[in-house]
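Make the full structure from the sequences, and use the hints.
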Amino acid sequence: MAINLTEAAASEIKKIIEDQAKEGAFKAEDAKLRVGVKGGGCSGFSYMLDLTEEPKGETDEEMEAHGVKILCDMKSYLYLNGVEIDFKDEVMGRGFVFKNPNATSTCGCGSSFQA
Amino acid sequence: MLCVSKKVDYALSALSFLAVHAGRVCSAREIAETHNLPLPRLMNLLKRLHRKGLVRSVRGVRGGYHVSEGLDRVSLYELITILEVDPAHRLNGEAIEGNGFGPVQALQYRLIGFLKSVSIADLIVPGRRIDVPLERVRATKRKHHKQQTRLEASLQPA
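Chains as they are written, first to last, in my numbering: chain A, 1 to 115; chain B, 1001 to 1158.
If you are wondering where the hints come from, they were derived from the structure by calculation, not from laboratory data.
From the three backbone atoms N, C-alpha and C, an ideal C-beta is built for every residue, glycine too.
Among the clues, some could well be false.
[Claimed, not checked] Cβ-to-Cβ under 7 Å is the rule here; a few derived chain A residues that face chain B:
hint, residue
1, L49
2, G93
3, F98
[What the hints assert, rightly or not] Below, simulated BS3-like cross-link-like pairs (lysine-lysine); rule was C-alpha separation at most 30 Å, straight line:
hint, chain 1, residue 1, chain 2, residue 2
4, B, K1116, B, K1047
5, A, K38, B, K1006
6, B, K1116, B, K1052
7, A, K99, B, K1116
8, B, K1007, A, K38
9, A, K99, B, K1006
10, B, K1116, A, K88
11, B, K1047, A, K88
12, A, K88, B, K1006
13, A, K27, A, K75
14, A, K14, B, K1047
If you want it as structure tokens, here you go:
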């Protein structure tokens, strides 16, 4: 069990990393995807995706999926272990979909869940 | 400017709650508390959704609402029409069939087509709906980068 990215999601993340690297945000080879949950959603948590070049912290889990380095803090990992992140490009928008086996109740606002 | 109103936002939140808890009756109060929505406003919206068959109601002490089947066949356009006015009228303040400027009418038809192409189910069903929009990943980093750049600049010796 870990955090997994589909090939489509990984490909999209790599594109974003390349774009950000061109803008000088960081070096592409140092970029990592930080995955997490944060408070504030109506059911307690909502998903978070961020790009960072910071090294793995003491409380981080580090993994890799389809060539994308992933960081996740331990607290978030409790809720995200086993999650698969997919990418959707559809008429209602483009973005990432979390398929989370730990979520017992996905909230209605579209951005949070309970575990 | 065309945007999703609070009314539509509240209705989608309520429908999503009911879709996630399909199989049981949920009270308006429960939905309002979970989503931090104003209860009287939510009750009015649920009544309208009930009248149009998008939700079913159960009377009694343990009464409430549950979601109807077939939200795949209901478009965002229909939801807006149920809650507000026909978007075709709203987009330009008058009927699209009016004597409007051609390019603007073409744009309106495109916008209406878009609203008709999105089903409610696409917006509320877990595993189908988008959890993190693509733009949010970019925006977070840019903001962070700007903050970092500002911090670096402030640390530079004068």
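Results for each hint:
At a threshold of 7 Å, the smallest CB-CB gap from L49 (chain A) to chain B is about 5 Å, leaving the interface hint in force. Using the Cβ-Cβ criterion of 7 Å, the hint placing G93 (chain A) at the interface with chain B is satisfied: the shortest such distance is roughly 5 Å. Hint on F98 (chain A) holds. Least Cβ distance to chain B is approximately 5 Å, under the 7 Å limit. Our distance criterion of 30 Å between C-alpha atoms is met by K1116 (chain B) and K1047 (chain B), whose separation comes to about 23 Å.
For the hint linking K38 (chain A) to K1006 (chain B), the alpha-carbon distance of about 24 Å falls within 30 Å, and the restraint holds. Taken as a hint, the K1116 (chain B) and K1052 (chain B) pair is honoured in the structure, with Cα atoms around 17 Å apart against an allowance of 30 Å. This hinted pair checks out: K99 (chain A) and K1116 (chain B) have alpha carbons roughly 27 Å apart, not beyond 30 Å. A distance of roughly 26 Å separates the Cα atoms of K1007 (chain B) and K38 (chain A); the hinted pair therefore holds under the 30 Å criterion.
Annotation: proposed proximity of K99 (chain A) to K1006 (chain B) holds, straight-line Cα distance about 27 Å (limit 30 Å). At roughly 19 Å between alpha-carbon atoms, K1116 (chain B) and K88 (chain A) fall within 30 Å of each other, so this suggested pair holds. At roughly 33 Å between alpha-carbon atoms, K1047 (chain B) and K88 (chain A) are farther apart than 30 Å, so this suggested pair is violated. Restraint check for K88 (chain A) and K1006 (chain B): the C-alpha separation of about 25 Å stays at or below 30 Å, so the hint holds.
A threshold of 30 Å between alpha carbons decides the hint, and for K27 (chain A) with K75 (chain A) the separation of about 28 Å falls inside it, so the pair holds. Straight-line distance between C-alpha atoms of K14 (chain A) and K1047 (chain B) comes to about 46 Å, which puts the hinted pair past the 30 Å bound.
Violated hints for the displayed structure, listed by number in ascending order: 11 and 14.
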